[in-house]
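We have chain A; now place chain B onto it with these hints.
Each protein sequence line maps, in turn, to chains A and B.
Going by UniProt numbering, the first residue of the first sequence is number 1, and it counts up by one from there.
Going by UniProt numbering, the first residue of the second sequence is number 1, and it counts up by one from there.
Think of the hints as simulated: they come from the structure by calculation, not from any bench.
One thing to keep in mind: the hints can contain errors.
Which chain A residues face chain B? A few, computed with CB under 8 angstroms, are given here [said to hold, decoys possible]: (1) E195; (2) R196; (3) Y202; (4) N203; (5) D273; (6) G277; (7) A281.
Here are a few chain A residues that sit away from chain B, every Cβ distance over 10 angstroms (derived from the structure) [claimed, not checked]: (8) K6; (9) L14; (10) F23; (11) W80; (12) Q121; (13) V148; (14) A189; (15) E192; (16) N193; (17) T239; (18) L247; (19) L248; (20) L309.
None of the values given here were measured: they were computed from a predicted structure.
Using N, Cα and C, we set each Cβ at its ideal position, and we do this for glycine too.
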Amino acid sequence: MSEAGKVWALHLGLLGLLFALQFVLPAYHHGNLARVMVLASFAVGYNLMFGYTGLLSLGHAMFFAAGMYGMGLAMRHLGWTPGPALIAGVLSGVVLALVVGALALRTVGVGFMIVTLMFAQAVYLVALYFGEWTRGDEGFVIQQAERVMMGLDLSQPGPRYFVAFVLFSACMLLSLRVMQSGFGKVLIAIRENEERARMLGYNVFRHKLGAVALSGGIAAAAGAFYGLLFGYVGATFATTQYSILPLLWVLLGGAGTILGPFVGTLFAFYLIDISSGFTTAHMLVVGVVLVALALFARQGIVGELRARLWRWLP
Amino acid sequence: MSLLSTQGLTKAFGGLTAVSDVDFELPQGEIRALIGPNGAGKTTFVGLLCGRMAPSAGTVRFDGQDISRLAAHERIRLGIAYTFQITSVFARLSAHENVALAVRRRGGDAVREVPEALQRVGLRDRAGDLAGDLSYGHQRLLEIAMGLAQKPRLLILDEPTQGLADSEIDAFCALVRGLAPETTVLLIEHNMSVVMRVAQKITVLNFGAVLAEGAPEVVQADPAVQAAYLGGVEA
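Only chain B is shown next, with the shape it has when bound in the complex:
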């Protein structure tokens, strides 16, 4: 049973079709990586999933319900959490308050759950710091904590490891693996080592369309994928 699916999802900006007729299925409990060269339409695609922009055509279904017409905040309330590619925390609020806003929205107990969420990303001792004073890597981790604190059914992470140190990346991979199967994860990621370590399946986007999809080893070995993406990176 798919938790999330799209049919014919398309987004055009004037003459440029950023996402073109994408059919996509994400089963409950899976950790899926979404990869592709820069400009392949990954961020636009997830933007359509969580309602940050309206599609030109096509539908999005979540848990059997057509959510194509729902506003972003309504989709979030159904259990989709989104962490931003470009760090978007509440810079002038404390790390604690950033996470508390995520906890309170679903009626959770901020006093108990905020330290837990911060603990999971290793920021518990920074709870009192202003989010804007945290290092870039720590702001990324705070984003992830805000995603976790929503206890989503589907967690969409847009390039979460950008700017993280190697040790933090290791901890992040362990954290994401521990989320399944309760939480389904859709991960946009450029770091192939992260993808190979955590993803159960990979979808490759190129020029807004699905180029390949399958198990990590299969996708990595796919000549078309290598030509479009992996080859380019390793060269």
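Just chain A, same shape as in the assembly:
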């Protein structure tokens, strides 16, 4: 099989497997996997910036939250239906990403990390400040009756899994297509050697801004769907924790790989889930595993697979 054939077979194969699993998984894992797929979509967005473009953001919670609030506030205060509200969520994320990107991309390296961290903190504080509308930390619930889209009751496990699956498929295939395109290859070139890319005539700033917008848009889509599927919108999702998590998932799974975000999110989710079944000190177990991975699998799970076995992995 050609390399392109293998790439498509593997990625479509994973999607086929995820689709089929909804019919066989027990209820508990069925619910988990739906959640993992939405969070993995968040990680897919993060990976486009961090893994492929080499831009380490410490503020991606702001895009997740922008999507969630864009969707949630439109439903709560404007009475929008889920479809338009989701679009509002994604657009909120893209616009925020363009604004933050235009300013933050004037810095590099540690400066970029700090500026994105500060912007995310500002977004979190804005959500608290306008508590009258957002209900701040407490958040608000989206009623079951409102969570119906195209005849699907999203509060039910079956439709919820299916919609999470569609979201994840769309995000993963989008990231695969982008990274196979000329635009994506320039992003990799910028990650590898920014000055060289510039001296080949590429507008580095514009490409980076495009990556930030795309990454922010995908993160916002994940946030919007998360709020809708699980029926809750709150400022917790704008905290620093939700900026660190996608970084962690991507590092675990393999930065700069298409499958890494999903593998990392799944791994981290079940690592916590399983270890907390044995001990209340489960974070200790998680910490030890993370240290071990950092020592012995620096490129993450899929990254190591690529380095050792399948060099054709995108």
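The following block gives chain B in isolation, referenced to the frame of chain A:
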């Protein structure tokens, strides 16, 4: 008609003036060598030409257009290609992808043109290798292939033969001579035998200013040049 010209080009780093009030003309189709002792300001000068740094004073014109205010990538898009003095390839990408990035930027067909460009520098059979795994000399050649693949109107080569074997230097000289007159070449070079073989004209920089300019034999015979540079090298 000059393809490239500068007027009063100056670059100061604090108290040090690396390039001082340089007026420079490079006609279309010429192969020009830029020589001078270490620290003469050669790399700074070409850095100003292609926009890697901003001048303290003066203007740069390319093909009749004032490009002094343009960003580096905009100048490259006008048809200037620059190969780095310190090898700067995409080390973790294949040799093929390195050149393909250069081809795709101007909308070229990578499948056809990348093997051609690699062939011209003798690296065609290394296309699949990671650029970082190539020997230093081969990385230099890859840089040149990336320059050629841009099909530039002006190719600036910053010490391209450093680290090349003698046979590779011969091939390089033939390659550069074959570029004229379609491509104008500005060559920074320390290897005087290369300069004498390929350059139609030489500009000598010393302490950031033009010390001499003219045909290779004339410049080589210039006592001031010998004192500043050639004498020092041959001694």
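Going through the hints against the structure:
With 8 angstroms as the threshold, the beta carbon of E195 of chain A comes within range of chain B, its nearest partner Cβ sitting at about 7 angstroms, so the hint holds. Hint on R196 of chain A holds. Least Cβ distance to chain B is approximately 5 angstroms, under the 8 angstroms limit. For Y202 of chain A, the suggested interface contact is upheld, since its CB lies about 6 angstroms from the closest CB of chain B, less than 8 angstroms. Checking N203 of chain A against chain B by beta carbon gives a least distance of about 5 angstroms; that is within 8 angstroms, so the hint holds.
Look at D273 of chain A: its Cβ only gets to about 35 angstroms from chain B, farther than 8 angstroms, so that hint breaks. Nearest Cβ of chain B to the Cβ of G277 of chain A: about 41 angstroms, over the 8 angstroms cut. The hint is violated. A hinted interface residue such as A281 of chain A counts as satisfied when its beta carbon comes closer than 8 angstroms to some beta carbon of chain B; here the least separation is about 40 angstroms, so the hint is violated. Every CB of chain B lies more than 10 angstroms from the CB of K6 of chain A, the least distance being 17 angstroms, so the non-interface label holds.
Non-interface status of L14 of chain A relative to chain B is upheld: no Cβ of that chain comes within 10 angstroms, the nearest being about 25 angstroms off. Separation of F23 of chain A from chain B is adequate, the least Cβ-Cβ distance of about 42 angstroms exceeding the 10 angstroms criterion. No beta-carbon of chain B comes within 10 angstroms of the beta-carbon of W80 of chain A; the shortest separation is about 42 angstroms. Listed as a non-interface residue, Q121 of chain A keeps its Cβ farther than 10 angstroms from every Cβ of chain B; the least gap is roughly 32 angstroms.
No beta-carbon of chain B is positioned within 10 angstroms of the beta-carbon of V148 of chain A; the least distance is around 46 angstroms. Residue-level check failed: A189 of chain A sits 5 angstroms from the nearest beta carbon of chain B, not beyond 10 angstroms. A beta-carbon of chain B is positioned within 10 angstroms of the beta-carbon of E192 of chain A; the least distance is around 4 angstroms. For N193 of chain A, the condition that its CB be more than 10 angstroms from all CB atoms of chain B is violated, with the nearest at approximately 5 angstroms.
Residue-level check passed: T239 of chain A sits 35 angstroms from the nearest beta carbon of chain B, beyond 10 angstroms. Non-interface status of L247 of chain A relative to chain B is upheld: no Cβ of that chain comes within 10 angstroms, the nearest being about 21 angstroms off. Taking the minimum C-beta to C-beta distance to chain B, about 24 angstroms, the non-interface status of L248 of chain A holds against the 10 angstroms cut. Annotated as non-interface, L309 of chain A keeps its C-beta farther than 10 angstroms from every C-beta of chain B; the closest such distance is 17 angstroms.
The structure fails hints 5, 6, 7, 14, 15, 16 (numbered hints given earlier, in ascending order).
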